[in-house]
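S.K.: Modelling step: build the complete structure from the supplied sequences, incorporating the hints.
Going down the list, the protein sequences come from chains A and B.
Residue numbers for the first sequence follow this note's numbering, beginning at 4 and rising by one.
Residue numbers for the second sequence follow this note's numbering, beginning at 4 and rising by one.
You can take every hint at face value.
The list treats identical chains as interchangeable, and a pair is accepted whether it falls inside one copy or across any two copies.
Taking lysine-lysine and the PhoX-like style, the derived pairs with C-alpha atoms no more than 25 angstroms apart in a straight line are:
(1) Lys176 / Lys124
(2) Lys127 / Lys176
(3) Lys176 / Lys126
Quick caveat, the hints were computed from the structure, so don't treat them as lab data.
2 protein chains.
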Amino acid sequence: AIVDAIRAALSGDTGDRPLAGRHVIVTSGPTHEPIDPVRYIANRSSGAQGTAIAQALVALGARVTFVTGPATVPPPAGVDLRAIETAEQMRQAVEGALPADAAVLAAAVADWRIESPAQGKIKKDRNGAPPALSFAENRDILAELSRPGPDRPALVVGFAAETDDVIANATAKRARKGCDWIVANDVSPGTGIMGGAENAVTLIRADGAETWERMSKPEVAARLARRMAEALGHGTAEEAAQ
Amino acid sequence: AIVDAIRAALSGDTGDRPLAGRHVIVTSGPTHEPIDPVRYIANRSSGAQGTAIAQALVALGARVTFVTGPATVPPPAGVDLRAIETAEQMRQAVEGALPADAAVLAAAVADWRIESPAQGKIKKDRNGAPPALSFAENRDILAELSRPGPDRPALVVGFAAETDDVIANATAKRARKGCDWIVANDVSPGTGIMGGAENAVTLIRADGAETWERMSKPEVAARLARRMAEALGHGTAEEAAQ
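M.R.: Structure, rendered in structure tokens:
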């Protein structure tokens, strides 16, 4: 608390740092799953929403570990940056960043990887037969992090990128994964959300769903960070433990 | 020729524009092949080499149609830009840009696409079974462009990104595709070439292979553009036809 007070004084901060002393893990961006040395499976996540969330949490005083896939937006300032490529690398980076008071898993993590990526570039054969790709399911970072135990963050926030039945699917996902909140959004191509500047989200908690109007991704991030600060309450984890 | 002379005079160019009046198609960057609305198959091409080649050709006076996939480097100045995403869109853009005096197909085009991309995001099922992806082979832009006919550019240059037996594979590729030259390079991860600043290439022509020392991608581009100007000879296509 003294360190926080000194830090706040040095930064000229007037005291609105409700997350000072808190450690939050944020994941962001896509993951890339290699097929061979030159090809990979990707997704359209730009990392814009996860980056904005990290920035908003830093602005409220949190110490943020930012685990990011190959995003197209530049990473936020003031975070502990862990750049990864695959879903499995992301899982290990998240695990390695524990313990944490909260986690926001905003990355668009590949559900599957190629079971055995080729060591050399896969060539077309003369018959035009396509390669047979065998998939394996990636471990579920959100479900594993949400499992009760000593290392479970007090507040685990997942994301649900849906194209159909957004609220129903996201509500079911919250129950299935065991996380506290789900930020659900509609990533249908027509919405322009994935890769775009705005987001229209529904925050799903145990007590129901709350749909926010469409706003910029930094505005979504600021509102989410504020809600997280309220949920975590005042005082640092260290203080709470004393 | 009068227009070229005026253009040269206006640009302050001292006359070293051996490709003035020539139209060259350059393809560059990766292609993305959609799996569903959020996932796609990509490759590690940055577009740096194709962009540098387009710039070098413009510097020698060529009119360049630049057909580019989602590259990570910014597109070159002074070209006619056609931004595409899939291999099939690239093929159509190349075909639509004909006739041309020369073509340099530097893009890393996907050999395969997903036969029927899903309309909605593919979900994990409860059994953890991975999706069954069925592939179809993309049409071969280099082979089609190299086929004899009235629209065939006088000089067709292909690229071969290889990880093994680079020269042997690239020489076989030149014969198989029917193009005039192949620029072969080794994209093994250890070389740092794909996505990097340098390139180490072998230029394969009908009369043999010529290996260039490792140099920057702009230097490779300048040398290739100079060789192309020599091969196309002096005088514009319009003059040659008169």
